[in-house]
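> Working from the sequences, and respecting the hints, build out all of it.
Protein chains: 2
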Amino acid sequence: MEKIAHYISLVNQELENFTKNKEPKNLYQPIDYAFKIGGKRIRPALLLLANDMFGGKTVQAMNAALAIEVFHNFTLLHDDIMDDAPLRRGKPTVFKKWNSNIAILSGDVMFVNAIQLLAKSDEKYLSEILTLFNKTAVEVCEGQQFDMDFETQENVSIDDYLKMIELKTAVLLAASMKIGAILADAKKDDAIHIYEFGRNLGIAFQLMDDILDLYGDPEKFGKQVGGDVIANKKTYLLLKAKELATGNLKNELEFCLNSTSLNKNMKVERVKTIFNSLNIKQIAVDEMNLFYNTAISHLDSIDVYEDKKKVFEDFAKKLMQREN
Amino acid sequence: MEKIAHYISLVNQELENFTKNKEPKNLYQPIDYAFKIGGKRIRPALLLLANDMFGGKTVQAMNAALAIEVFHNFTLLHDDIMDDAPLRRGKPTVFKKWNSNIAILSGDVMFVNAIQLLAKSDEKYLSEILTLFNKTAVEVCEGQQFDMDFETQENVSIDDYLKMIELKTAVLLAASMKIGAILADAKKDDAIHIYEFGRNLGIAFQLMDDILDLYGDPEKFGKQVGGDVIANKKTYLLLKAKELATGNLKNELEFCLNSTSLNKNMKVERVKTIFNSLNIKQIAVDEMNLFYNTAISHLDSIDVYEDKKKVFEDFAKKLMQREN
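Residue numbers (the numbering used here), protein chains in the order written: chain C, 567 to 890; chain Y, 567 to 890.
No lab work stands behind these hints: they were computed from the structure. One thing to keep in mind: the hints can contain errors.
Treat identical chains as interchangeable: a pair holds within one or across any two.
Simulated pairs of lysine-lysine, DSS-like, Cα-Cα distance not exceeding 30 Å [claimed, not checked]:
| hint | residue 1 | residue 2 |
| --- | --- | --- |
| 1 | LYS657 | LYS830 |
| 2 | LYS729 | LYS591 |
| 3 | LYS838 | LYS701 |
| 4 | LYS690 | LYS729 |
| 5 | LYS799 | LYS786 |
| 6 | LYS690 | LYS800 |
| 7 | LYS690 | LYS701 |
This is the structure we're talking about:
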C-alpha cells in the first residue's frame with residue numbers, strides 16, 4: 567500500500583495551502599478547517615493510482631485529483647447541515663462551528679474551486695472529464711435526495727436502496743478512477759472497466775457498512791453496535807428483513823420498529839434475532855460478494871500487466887476485510 | 567427593445583421543460599418552481615445580445631445563456647436561505663415552500679446543471695468561457711460573504727462597499743456579455759470593453775437601487791420608502807453620510823441608528839434630513855453617473871457599427887431612468 571500512502575501525502579501537501587491568504591476570511595477559513603480536520607483522501611489517491619496504472623504522469627493528474635477531493639468535501643459541508651450532524655472526524659462540523667449560512671456558502675465556493683481545478687487539466691481531455699464529473703456530481707446530489715426521501719418513504723425496495731447507495735457513494739469512487747484513466751490516455755474499454763471496478767466496489771463497501779453496524783466486532787467497531795437499528799435506518803439488512811418477514815416475524819419486526827417503550831439494547835437484540843431467523847446477514851454478505859466479485863472481474867479485464875493491478879486488488883481486499 | 571424581448575422569450579421557452587420528468591421529484595420540482603415564478607432573464611438576454619452584436623449565432627450561444635440564468639437562480643435559492651427571505655417575486659421562496667435542506671440540495675444541482683450547459687458550448691471556446699465563468703462564480707460567492715460580513719462589521723468603507731456590489735452583482739452581468747462576445751469570436755479588446763460596460767453598468771445599477779430606496783417616488787417605488795434606512799442597511803448613502811458627518815450631524819446620525827424608541831417614519835425623516843444636509847443624494851448620483859459614463863465609454867470603444875450598439879445604449883438608459 568506504499569504507493570497509495572505516497573499519493574495521499576502528496577494530496578495533503580497540496581491541500582495545505584489551498585485557501586492561503588484568501589478573502590473574505592469567513593468564506594475561506596471554514597474550507598481550510600474542513601481540510602485540516604483530515605480525511606482519508608481515498609478518492610484522489612485512487613485517481614492518481616489509476617492514472618499511474620495506465621502510464622500517466624502524476625503531475626498532470628494532480629489538479630483533477632484535488633478537484634475530486636474538494637468536491638467530496640463540499641458535499642460533506644452541505645450534507646452535515648442536512649443531516650444536522652454535530653461531529654465529523656471527532657471535530658465540530660463547519661455548520662456547528664460557524665453557522666449554516668457560512669457552511670452553505672463555503673460549500674458553494676468549494677464546488678466552484680473543484681471545477682476550477684478540473685479545468686486546469688490538459689485541454690485535450692477537458693470536455694470528456696468535465697462531462698463525467700458533472701454527470702457524477704448530479705448523481706451524488708440525486709443520491710443524497712433519495713437518501714433523505716427514504717427516511718419518510720413507506721416502501722423502499724432493495725433496488726431503490728442499491729440505486730441510492732450507488733448514486734450517493736459508488737459513482738464518485740468510480741468517476742475518480744475513470745478520470746485518472748482518461749488523463750493517461752487509457753483505452754476506452756479499460757476506462758469503462760476501471761469505472762465498473764469502482765462502482766461495484768463502492769456498492770460492496772456500503773453494504774459492508776450496513777453489515778458491520780450490527781455484526782461488527784464491538785471491540786473494533788468504534789461506534790455503537792446497532793446504531794442503524796436503533797435509528798430505524800433503512801439499511802440493506804432492514805429492507806431485506808421487511809421483504810422476507812411474514813406472520814409472527816413480521817409482527818415482531820413491526821413492533822420493534824414502532825415501539826417507543828423498548829430500550830435500545832433490547833431493540834437491537836430483538837431485531838438481531840429476527841434478522842438471524844431470516845438469515846439476513848448471509849444474504850447481505852452474498853449480495854456484497856456479488857458486487858465485490860463483479861468489481862474484481864472488471865479489474866481482471868483491464869489490459870495492463872498484472873503487477874500494476876495488484877495495488878487495486880490489495881485495496882479492494884483491505885476494504886472488504888475492514889472491521890470498522 | 568424588441569430584440570431583448572425576443573431573446574427573453576427564447577430563454578423562457580428553454581427553461582419551460584428544464585426539469586421535465588427528472589427524478590427524485592423533491593430535487594427537481596423546486597427547480598421547476600424557481601423558474602416558473604418568473605424573473606427578468608436579463609443576463610441570458612444580454613449574453614445573446616452581445617453574441618449577436620459580434621455576429622454570433624444565437625443557437626450556438628443558447629446553452630451558455632441558459633447556464634448563466636440557471637447559475638443566477640442557484641444563487642437566489644441559497645441567498646434566500648441565508649437572508650431568511652420569505653418571498654421572491656411575490657411567491658414563497660423555495661426554502662419556505664419546501665425546507666432549507668431541499669433548497670440547499672436543489673441549488674447545488676442547479677449549479678452542476680449550469681456547468682453542464684456551459685460545457686455543451688463549442689469545445690473551441692470551452693476553456694476560456696469556463697475559466698471566466700468559474701472566476702465569476704467565486705466572485706459572486708465572495709460578494710455574498712462580504713455582504714453578510716458587513717451586517718456586523720463596524721467599519722465599512724465606501725471602497726469596501728463598491729467592491730462588494732461589484733462582486734455580488736456587477737461581475738455576473740459583465741461575464742454574461744463577455745461570454746456572448748467570446749462565443750462570437752469577438753476581438754479581445756472588444757470582449758474586454760463589453761465586460762467593462764457590464765461591470766460599470768452593474769455598479770451604477772446597484773447605486774441607483776440605493777438612491778431609489780430613499781429618494782424614489784413613493785407612488786412608483788412599490789416598496790416601503792426608506793426600507794434600507796429603517797434596517798440600518800449599510801448602503802452607499804449611509805456609508806457616505808457616516809464618512810462625512812461631523813459634530814452635531816454625526817451625533818444625530820448615531821442617535822437615529824441606535825435608537826430603539828424612534829418610530830420608523832420618524833427615523834426615515836430624520837435620517838433623510840441628515841443626508842440632505844450632507845448633500846448625499848447628489849454625491850451618490852455623481853458616483854453613479856461616473857460608473858454609468860465609464861460604462862458608456864467602453865460601449866463607445868467597441869469596434870462594431872453604431873446601430874448594433876444602440877440596443878445596449880437604450881438598455882443602459884432605461885436602467886438609469888427606472889423608478890423602481
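> For each hint given before, does the structure comply? Return the numbers of the non-compliant ones in rising order.
3, 4, 6
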